[in-house]
Structures are given as structure tokens and as C-alpha cells.
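For reference, each letter of the sequence shown is one residue, going 0 to 105 in numbering that gives the first Met the number 0.
Treat the hints as calculated values from the structure; they're not laboratory data. Mixed in with the good hints there might be a few duds.
[What the hints assert, rightly or not] What follows is a set of in silico ranges between Cβ atoms, one per label pair, in the way DEER data are often shown: (1) G84 x S34: 29 to 39 Å; (2) P73 x D41: 30 to 40 Å; (3) D33 x N65: 13 to 23 Å; (4) G52 x Y16: 10 to 20 Å; (5) S34 x D83: 15 to 25 Å.
Heads up, the beta-carbon is just placed ideally off N, CA and C, and yes, glycines get one too.
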Amino acid sequence: MGRYHLGEYSSYDQLEYLIQSDEKVIVLVYSDNDSQSGEARDEVSRLSDQYYGVGFVFVDVDEQPNIYSSLGYPSYPSVLAYQDGSPVYVSGHYDSVENEFLHGCC
Numbered sequence: 000m001g002r003y004h005l006g007e008y009s010s011y012d013q014l015e016y017l018i019q020s021d022e023k024v025i026v027l028v029y030s031d032n033d034s035q036s037g038e039a040r041d042e043v044s045r046l047s048d049q050y051y052g053v054g055f056v057f058v059d060v061d062e063q064p065n066i067y068s069s070l071g072y073p074s075y076p077s078v079l080a081y082q083d084g085s086p087v088y089v090s091g092h093y094d095s096v097e098n099e100f101l102h103g104c105c
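Please build the complete structure, drawing on both the sequences and the hints.
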């Protein structure tokens, strides 16, 4: 899989295609105008360098409002995790869920 930055997804349909794949996908919803988002972006970037079997997608709410609205306007920063097309929503501190979700994938 790998790291997918927002510019590669111009529509929610393209993101949905990746989510519906047979892979694990983590979507970070963030805003460059939010200080906590920067910390979350750095942490998820670190994870994306470690877990090659997981797709990581970065959605900036300011640059892609259509995708943000299609995701149901989650608060930000938020992490939305999907496996085999099924959603797992993670918000705030996600270290324990990170280990559970990513365990055994890579």
C-alpha cells in the first residue's frame, strides 16, 4: 500500500475505492490551521513509514472540503481506520487502537 497524500484523491469515490479494497486503510483528517493536527500528522506519518501493508491517506479539510463532508464531518484531527471496507473510527489518543489494528498486518 503506502502513503497517499490528499492531492491524489480529487473525489470521495477515489478514496472509497481504496477503502473498499482488501487492505487496511487509515485516513487522517486534519487541518493545517489546527496545532493539534500537526502533531497527529507527524505521528501518522511516522506510522506510515513503519507499516508497509497499510494504506495511509491524509485529508486536509481546508483543501478537500468535499471529501471531508463525505466522511461525515469528523472532528479534527481524527483517524478513520478501515479494514476490508468496514470502518473503525478512532479519535483522539489512538495508541492502543493503533497496536490492535496494525498488529500482525506487516
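Results of checking the hints against the structure:
no.	hint	in the structure
1	G84 x S34: 29 to 39 Å	holds (33 Å)
2	P73 x D41: 30 to 40 Å	violated (19 Å)
3	D33 x N65: 13 to 23 Å	holds (19 Å)
4	G52 x Y16: 10 to 20 Å	holds (18 Å)
5	S34 x D83: 15 to 25 Å	violated (34 Å)
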